[in-house]
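Protein sequence lines correspond, in order, to chains A and B.
Note that this note's numbering numbers the first sequence so that position 383 is 383, with each residue one more than the last.
For any residue, its number in this note's numbering is found by taking its place in the second sequence, counting from 1, and adding 474.
Do not take every clue at face value.
What follows is a set of in silico ranges between Cβ atoms, one per label pair, in the way DEER data are often shown [to be verified]:
1) ILE6/A with ARG601/B: 41 to 47 Å
2) GLU195/A with GLN566/B: 28 to 34 Å
3) GLY732/B with GLY225/A: 57 to 63 Å
4) GLY19/A with SER589/B: 57 to 63 Å
5) ASP299/A with GLU788/B: 19 to 25 Å
6) ASP474/A with SER589/B: 46 to 52 Å
7) GLY732/B with THR334/A: 40 to 46 Å
8) GLY619/B with GLY420/A: 54 to 60 Å
9) ALA38/A with VAL671/B: 49 to 55 Å
10) GLN566/B with ALA116/A: 45 to 51 Å
11) SER589/B with LYS385/A: 48 to 54 Å
12) GLU195/A with ASP529/B: 38 to 44 Å
FYI, nobody ran anything at the bench for these hints, they're computed from the structure.
Owing to the predicted nature of the structure, the values given are computational and were not obtained by experimental measurement.
By construction, the Cβ of each residue, glycine as well, lies at the ideal position given by its N, Cα and C atoms.
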Amino acid sequence: MSDKPIYDEMWGTEESLRGPYQGFHQWWEGEDVKGLRAKQREADELFRLTGITFNVYGRAEAEERLIPFDIIPRIISGYEWQKLSRGIEQRVRAINAFLYDIYHRQEIVKAGRIPAEMISRNAAFLPHMIGVEPPAGVYTHIVGIDLVRTGDNEFYVLEDNARTPSGVSYMLENRETMLQMFPELFSRNRVREVETYPADLRRSLAACAPKTAGSSPCVAVLTPGIYNSAYFEHAFLADKMGVELVEGHDLQIVDGRVAMRTTEGYKPIDVLYRRVDDDFLDPLNLNPESQLGVPGILDVYRAGRVTIANAPGTGIADDKAIYSYMPEIVEFYTGERPLLENVPTWRCSDPESLAYVLDNLPELVVKEVHGSGGYGMLIGPTATKKDLAAFRRKLKARPSNYIAQPTLALSTCPIFTRAGLSPRHVDLRPFVLVSPEGIKITPGGLTRVALKKGSLVVNSSQGGGTKDTWVLED
Amino acid sequence: MLGRTANGLFWMYRYLERAENTARLIETGQRIALTRLDSTDDEWRSVLKTAGVFDGFGQLHDNVTKDAAIDWLLRARDNPSSVYSCICAARQNARSVRTALTGEVWEAVNRIYMSAQDVLARKVSERDLPKVLGQIRQGTALVRGSTLGTMLRNDFFDFARIGTFLERADQTARILDVKYYVLLPSVRSVGSSIDNVQWEIILRSVSARGGFRVAYDNAYDPKDIARFLILDGRMPRSLQFCLSKLDSNLTFLANTYGTEPAPALLKVRDMRRGYLDQDIEHIFELGLHEFLQTVLNDLAGLGRQIEVDYRFYE
Chain A
1 MSDKPIYDEM WGTEESLRGP YQGFHQWWEG EDVKGLRAKQ READELFRLT GITFNVYGRA
61 EAEERLIPFD IIPRIISGYE WQKLSRGIEQ RVRAINAFLY DIYHRQEIVK AGRIPAEMIS
121 RNAAFLPHMI GVEPPAGVYT HIVGIDLVRT GDNEFYVLED NARTPSGVSY MLENRETMLQ
181 MFPELFSRNR VREVETYPAD LRRSLAACAP KTAGSSPCVA VLTPGIYNSA YFEHAFLADK
241 MGVELVEGHD LQIVDGRVAM RTTEGYKPID VLYRRVDDDF LDPLNLNPES QLGVPGILDV
301 YRAGRVTIAN APGTGIADDK AIYSYMPEIV EFYTGERPLL ENVPTWRCSD PESLAYVLDN
361 LPELVVKEVH GSGGYGMLIG PTATKKDLAA FRRKLKARPS NYIAQPTLAL STCPIFTRAG
421 LSPRHVDLRP FVLVSPEGIK ITPGGLTRVA LKKGSLVVNS SQGGGTKDTW VLED
Chain B
475 MLGRTANGLF WMYRYLERAE NTARLIETGQ RIALTRLDST DDEWRSVLKT AGVFDGFGQL
535 HDNVTKDAAI DWLLRARDNP SSVYSCICAA RQNARSVRTA LTGEVWEAVN RIYMSAQDVL
595 ARKVSERDLP KVLGQIRQGT ALVRGSTLGT MLRNDFFDFA RIGTFLERAD QTARILDVKY
655 YVLLPSVRSV GSSIDNVQWE IILRSVSARG GFRVAYDNAY DPKDIARFLI LDGRMPRSLQ
715 FCLSKLDSNL TFLANTYGTE PAPALLKVRD MRRGYLDQDI EHIFELGLHE FLQTVLNDLA
775 GLGRQIEVDY RFYE
């Protein structure tokens, strides 16, 4: 980490109150800590009662945990948001164009901008998708772009979540909770609404329906079931959209279409918002062990008779090795310079980069190419000698499995503690919907916060929490 | 709606009804043990039988004691019909059909689950027992209340009600069958205190003492008790009442779906015609035990038919 002071969302680097926080700060001055403590407990109780929980993998199956919620909002000005959303839109367009290209003519490879083996040898590349025309031409219907901030005008994209980004239910429930607990905050600040997300999602999905669908396409959410860590979110979204929540064993291919078993017989589905990984989608065409998918669904998809959102094979776009090519990808397909920065990334498959990474390990963050959820990564500055040594061995054994990045000084945002406000590192995941009607970005997104002082890991599976995220109407 | 959702709703409400009934049986057993000095641990044996959990209990216990019986009925993880297991199963089903429930119903189920996690984590002392049982009954009442107050009257609601009344009919038939002999004229010795205890147990087990007093005076007459629990359409736990509810909810389904009456509905109608259109004397002539066995078999068959008719599994 550099010696540059850490940027705080509320105080900047100069300890002077930033514009977007003025209304909030005025309110805060009039509050007493004891009263707020009771409010924080009230919030926790609310979450527990509504069952907003996630299941923890590798634990007793019944264990459900709350993601800690912090009552201090993360506030973004309208101007900042406008800039961010332009960059996000550009990036998401590029990702869709990239996916179309690599499953068709592979112009980007022919142009020499990405090495062929980056695609063909990539575990997330799905050969079944070669030459397939996804309904409405959309690959990534729902995208979550993970952003971090290091200074006033410095935002970086940390990750593109192009498979099945999760967390949107927390964005919505965090706002609901804040509205219930602190209505006065919303009378004082003009906060842009997020609650239209489920309706937007449904409209966006329906707009991507295949040609076989009628005028009101049937949409359903496919979940792996109640033991999945994000089951709450699957049920939540189906509920708020007013569509069925289905599991693999509810579905069958009937007359060449995907159909669900209802009390009145089989009924065809036009758009399936699946929260099941590619590999488990179709035991006939993919992993034969899968109990979660629908045998033959890929054949129906290829025949253009169902929309799968996101499309199979989109994982290649959020692969961490591909990530390092994102600036080229954006330029190649949009003809513009990227509006959002990529974090400089060393691909350890390259011998020179590997040598650099090994030499500078204590300053770097090392990630597995296909890892997620903050697992299997090394944060150099906070790692023990033993961790460093173990990672050196791993890097030498399988260099192509890793990338490395400088340890970014993520911005902080105050959280509410016993002592009052205290800064913690945060990131931001805005949610993006893609359809032929356009790209829609919900103002704000999910702010994840590392609750441990000094920690840079914001993942909920590793003790991170969340905050309500405001975008102000300037 | 999905067949799986219908299945989940059906079982969610069955389990809640069962949890409530088991809580009531424990209350009854405890009440008798405390007030009737001549009662014995045999009474707990019959409570276990009524709840249909005696066999499971016997596999782990050599003899029946009050403490062991209460714990088995209330908290045992190994007993799938214990109050605790039923509440967990109800919530598990609720989770799987979350999208079919209103927010209020889901919160009510979650609330009873959280309170069960809390109060049933450790053995419940005799002193705390009334409070704990009260809490459970309140919890199930809250689910029922929010169901009636907030759910759309559509097929979701019908499956919830069908689960409730199928379980309830089964429970009432079982309570009567375990005690049928005390209602028979042959062993009836008028005014004997033993019979009075047994009749009181039956009425308490279905929360019907007050209702019975209003409907039939204060004098316990076994024939009246049988009539009240089997044929009286005013009594919300009688077989007559439960079957009429099953009839109307299955009829609603047929109307909603615009189909001919399903085989399950025809079965309910047969049951009502076959043995609820007669008077109680006739049932005694047939043999009360035989009659109740037929009812229990028919109810089990009805449950299976509903699964098939509405594609719960395939």
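Tell me the numbers of any earlier hints that the structure contravenes, in ascending order. 1, 3, 4, 7, 8, 12
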